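Chains as they are written, first to last, in this note's numbering: chain A, 55 to 166; chain B, 17 to 124.
Where hints are given, some of them may not hold.
[Unchecked claim] Label pairs and their calculated CB-CB ranges:
| id | chain 1 | residue 1 | chain 2 | residue 2 | range |
| --- | --- | --- | --- | --- | --- |
| 1 | A | Gln138 | B | Thr85 | 37 to 47 Å |
| 2 | A | Ser116 | B | Asp43 | 41 to 51 Å |
| 3 | A | Phe128 | B | Thr26 | 17 to 27 Å |
| 4 | A | Gln138 | B | Thr94 | 37 to 47 Å |
Treat the hints as calculated values from the structure; they're not laboratory data.
Predicted model, so just to flag it, every value in this text is computed and none were measured.
Note that CB positions come from ideal geometry on N, CA and C, so glycine has one too.
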Amino acid sequence: DTGVSQNPRHKITKRGQNVTFRCDPISEHNRLYWYRQTLGQGPEFLTYFQNEAQLEKSRLLSDRFSAERPKGSFSTLEIQRTEQGDSAMYLCASSTGDNGYTFGSGTRLTVV
Amino acid sequence: GENVEQHPSTLSVQEGDSAVIKCTYSDSASNYFPWYKQELGKRPQLIIDIRSNVGEKKDQRIAVTLNKTAKHFSLHITETQPEDSAVYFCADARDMRFGAGTRLTVKP
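If we strip away everything but chain A, and leave its shape as in the complex, we get (with noise of 0.2 Å):
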């Protein structure tokens, strides 16, 4: 195990267009944690797992934002009718327990 996972690094797309990222955590890690983080900002949180039940969603996260862990082991983030303000470091931890995070490298949006 090499750590948390993100695929793809990088990804820029159209104004309109959905994406999906990928989130690989640590395979014992039960937590699973989607922030988002812009140049210059602390991680905004926007979703929360433990194992496959979405336990808390922050108000950032519009309709527009929907994230699965259907088995409980790697989660999927998706940005539907992408906007520019969209454009972000998204980035994806895991943990298990109230410890500390492991994060990974994150997936940089670039939305033209």
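Since chain A is already given, all that's left is putting chain B on it; use the hints.
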């Protein structure tokens, strides 16, 4: 929602000096506070954490203190080195919220 305030936003010190970064939180039930270091273009990495049952924790040149009554916690880096230069984030893990970050520059 619950907030984490972090100060200062930028900090510049001479090599060998100490650096202190402070954070405040608002949720009285919060009980776990990790700190992350993010170098340019890289992922945030956990450097130290503290739980609410202790007031201080130290790991070599890095220490973290927690004041639950005042709802604030601080990161202390002693004998700073140029490789300490990075952005540091505090977090309230219970509420899954991060501070806005402190850009630390250590001048040789």
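Between the beta carbons of A/Ser116 and B/Asp43, is the distance compatible with 41 to 51 Å? Violated, since A/Ser116 and B/Asp43 (Cβ atoms, about 25 Å apart) do not stay within the stated range.
Verify the CB-CB distance for A/Gln138 and B/Thr94 against the hinted window 37 to 47 Å. holds (44 Å)
Just tell me: holds or violated, for the beta carbon distance of A/Phe128 and B/Thr26 against 17 to 27 Å? violated (37 Å)
Does the Cβ-Cβ separation between A/Gln138 and B/Thr85 fall within 37 to 47 Å? holds (45 Å)
Of the numbered hints given earlier, the model fails hints 2, 3; all others are met.
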